[in-house]
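So the protein sequences, as listed, match chains A and B.
So for the first sequence, the working numbering puts the first residue at 392; every next one is plus one.
So for the second sequence, the working numbering puts the first residue at 814; every next one is plus one.
The set of hints was computed from the structure by calculation and includes no laboratory data.
Treat each hint with caution, since some may be false.
Unchecked claim - 35 Å max Cα-Cα, derived DSBU-like pairs, lysine-lysine:
1. A/410 <-> B/824
2. A/486 <-> A/642
3. A/410 <-> B/822
4. B/976 <-> A/410
5. A/462 <-> B/822
6. A/415 <-> B/976
7. A/584 <-> A/437
8. A/497 <-> A/628
9. B/819 <-> A/642
Said to hold, decoys possible - Quick partial rundown of chain A residues pointing at chain B, CB under 10 Å, derived from the structure:
10. 405
11. 540
12. 550
Since the structure is predicted, the reported quantities are computational estimates derived from the model, not experimental observations.
All C-beta atoms, glycine included, are put in the ideal place defined by N, C-alpha and C.
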Amino acid sequence: MDTSREDVGISIRSALLDKGTKQKFSLFVLIIISVTFIFIEKIETKPLNHIRSFIKDTIYRGAFVASIPSKGFSSVSDYIEEHVNLYNNYSQLKKENEEIKNTISKTDFLKLENTQLRRLIEEQVSSNSNLVSARVMLDKQSPYLNSFIINSGSNKGIKNGMAVLDGKNFIGRIVDVNFFSSRVLLVSDLNSKIPVMIEPSAHHAILSGRGTSKPTLDYLPEKHTIQDDNKVYTSGKEGIFSPGIPIGKVKIENDFITVQLFSDLSQITFININLGTIE
Amino acid sequence: MAHIYKQSKLKFFELLPVLLLFLISLSGNSILNLKFFSINIHYILVYFWILRQPRILGYGFVFLSGIISDVVFGLPFGVNALSLLIIAAVAAYVRNVTVRITLINDWISFIPALLLANFIYFFSLYFSNYSIDYSHLFVNSIFTFIFYPVLWGIFSLILNLTKS
Numbered sequence: 392m393d394t395s396r397e398d399v400g401i402s403i404r405s406a407l408l409d410k411g412t413k414q415k416f417s418l419f420v421l422i423i424i425s426v427t428f429i430f431i432e433k434i435e436t437k438p439l440n441h442i443r444s445f446i447k448d449t450i451y452r453g454a455f456v457a458s459i460p461s462k463g464f465s466s467v468s469d470y471i472e473e474h475v476n477l478y479n480n481y482s483q484l485k486k487e488n489e490e491i492k493n494t495i496s497k498t499d500f501l502k503l504e505n506t507q508l509r510r511l512i513e514e515q516v517s518s519n520s521n522l523v524s525a526r527v528m529l530d531k532q533s534p535y536l537n538s539f540i541i542n543s544g545s546n547k548g549i550k551n552g553m554a555v556l557d558g559k560n561f562i563g564r565i566v567d568v569n570f571f572s573s574r575v576l577l578v579s580d581l582n583s584k585i586p587v588m589i590e591p592s593a594h595h596a597i598l599s600g601r602g603t604s605k606p607t608l609d610y611l612p613e614k615h616t617i618q619d620d621n622k623v624y625t626s627g628k629e630g631i632f633s634p635g636i637p638i639g640k641v642k643i644e645n646d647f648i649t650v651q652l653f654s655d656l657s658q659i660t661f662i663n664i665n666l667g668t669i670e
Numbered sequence: 814m815a816h817i818y819k820q821s822k823l824k825f826f827e828l829l830p831v832l833l834l835f836l837i838s839l840s841g842n843s844i845l846n847l848k849f850f851s852i853n854i855h856y857i858l859v860y861f862w863i864l865r866q867p868r869i870l871g872y873g874f875v876f877l878s879g880i881i882s883d884v885v886f887g888l889p890f891g892v893n894a895l896s897l898l899i900i901a902a903v904a905a906y907v908r909n910v911t912v913r914i915t916l917i918n919d920w921i922s923f924i925p926a927l928l929l930a931n932f933i934y935f936f937s938l939y940f941s942n943y944s945i946d947y948s949h950l951f952v953n954s955i956f957t958f959i960f961y962p963v964l965w966g967i968f969s970l971i972l973n974l975t976k977s
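Next comes chain A alone, as it looks inside the complex (with noise of 0.2 Å):
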């Protein structure tokens, strides 16, 4: 018995402390430095969090080029989609316009009396937004977070917290920035979290992703009054992002309030970054 355990032991040690003729490191050693290495990303230190801008935008950059291929393909096949799917999109799209153009004389209208009242409440009708805009750079989603790179960082004065858009739609927020590149979690992540307003109620609640395309409502009042096609605004509670950023449409769907998304997260080439407001 004790034999057996000893042979155990002797190939434990021999599995984590024995190194190749050409290995420099022994797998205990990794290990060591992997520990310490979470423990690291921990501590939010300047000369820390530049070595690690520094190593992540090299890998970003690599990234780049190593996913040249895949994306070659990717888009190869799109292409082909779109063309079979031809006639039916401009089906749709014939459909769509019709349907804006009907909205549009409606919209001018409450354009108008939007402006009325504001003037009304002596609220300041326009506030200028210090957008930057940047083309996303690695958009190859862990199956586990849905975020992506983008090829700005803090020297186009990009910041953690940052509102991002597409167009004027609310998709995401910074949530890591290096030299040149940054990250950004997008509103369909497990680790997003939003303030959010909805139209017409009014009512506050918390835009939780799922992981999936659809974010939930959370936080809602008990007695709410929300119905289907209801917008879904950025609330702007606690200044983290400027208020009345569109984001997207209730759907009710088996009992759960889901947020349909105004913009196709996974159709996403250029974004825009909100810098703050200009004063």
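Please build the complex by placing chain B on the supplied structure of chain A, with the hints as guidance.
Below, chain B without anything else, positioned relative to chain A:
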């Protein structure tokens, strides 16, 4: 001439696992995500080569590819590296205690490797305050295990080419 050709062919097949390791880490394809299932190619690659030919795939390379995966996927530094090293450790242990190499032996011993690596992965992410879809992690583990013999066959073919 024929000798040089043979030598370079052998060298290429020897380098292939390392190239594959870095290519899948850099391009973010270490976890193959298909419609209904997902497979962790990274785990299978590391487990197979550390078990069968550790001379070709060094621990340093495994660690580096883990760090690259962490950066590409936006995870804290060291999470993937640690779970890959755990896979490598189990493979090294199995190599020490087994005499005969068969698919069934490899396949069964891959279960504790997967369980340990995923436990470490879960624990490191929990420690780093990251939420992930754990049901996806479970499905991924199941399909990684099921898919192991397919990649075992392909890698065995490459392994034979490094010897011939």
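Hints, one by one, checked against the model:
Between residue 410 of chain A and residue 824 of chain B, the direct Cα distance comes to roughly 22 Å. Compliance with the 35 Å bound is thereby established for this hinted pair. Among the hinted pairs, residue 486 of chain A with residue 642 of chain A is consistent with the structure: their alpha-carbon atoms are about 21 Å apart, no more than 35 Å. With a C-alpha separation of about 27 Å, the suggested pair residue 410 of chain A and residue 822 of chain B falls inside the 35 Å cut-off, and the hint holds. Under the criterion of a C-alpha separation no larger than 35 Å, the hint pairing residue 976 of chain B with residue 410 of chain A is consistent with the structure, at around 22 Å.
Distance check on the hinted pair: residue 462 of chain A and residue 822 of chain B sit about 29 Å apart at the alpha-carbon level, within 35 Å; holds. Between the alpha carbons of residue 415 of chain A and residue 976 of chain B the distance comes to roughly 25 Å, so the proposed pair stays at or under 35 Å and holds. Pair hint residue 584 of chain A plus residue 437 of chain A holds up; C-alpha atoms about 27 Å apart against a cutoff of 35 Å. Simply put, residue 497 of chain A and residue 628 of chain A have alpha-carbon atoms about 29 Å apart, close enough for the 35 Å limit, and the pair holds.
Restraint check for residue 819 of chain B and residue 642 of chain A: the C-alpha separation of about 63 Å exceeds 35 Å, so the hint is violated. This hint holds: residue 405 of chain A has a C-beta 5 Å from the nearest C-beta of chain B, less than the 10 Å allowed. Taking 10 Å as the C-beta cut-off, the interface hint given for residue 540 of chain A holds, the closest approach to chain B being about 8 Å. Because the beta carbon of residue 550 of chain A sits about 17 Å from the nearest beta carbon in chain B, more than 10 Å, this interface hint is broken.
Hint violations for this structure: numbers 9 and 12, all remaining hints satisfied.
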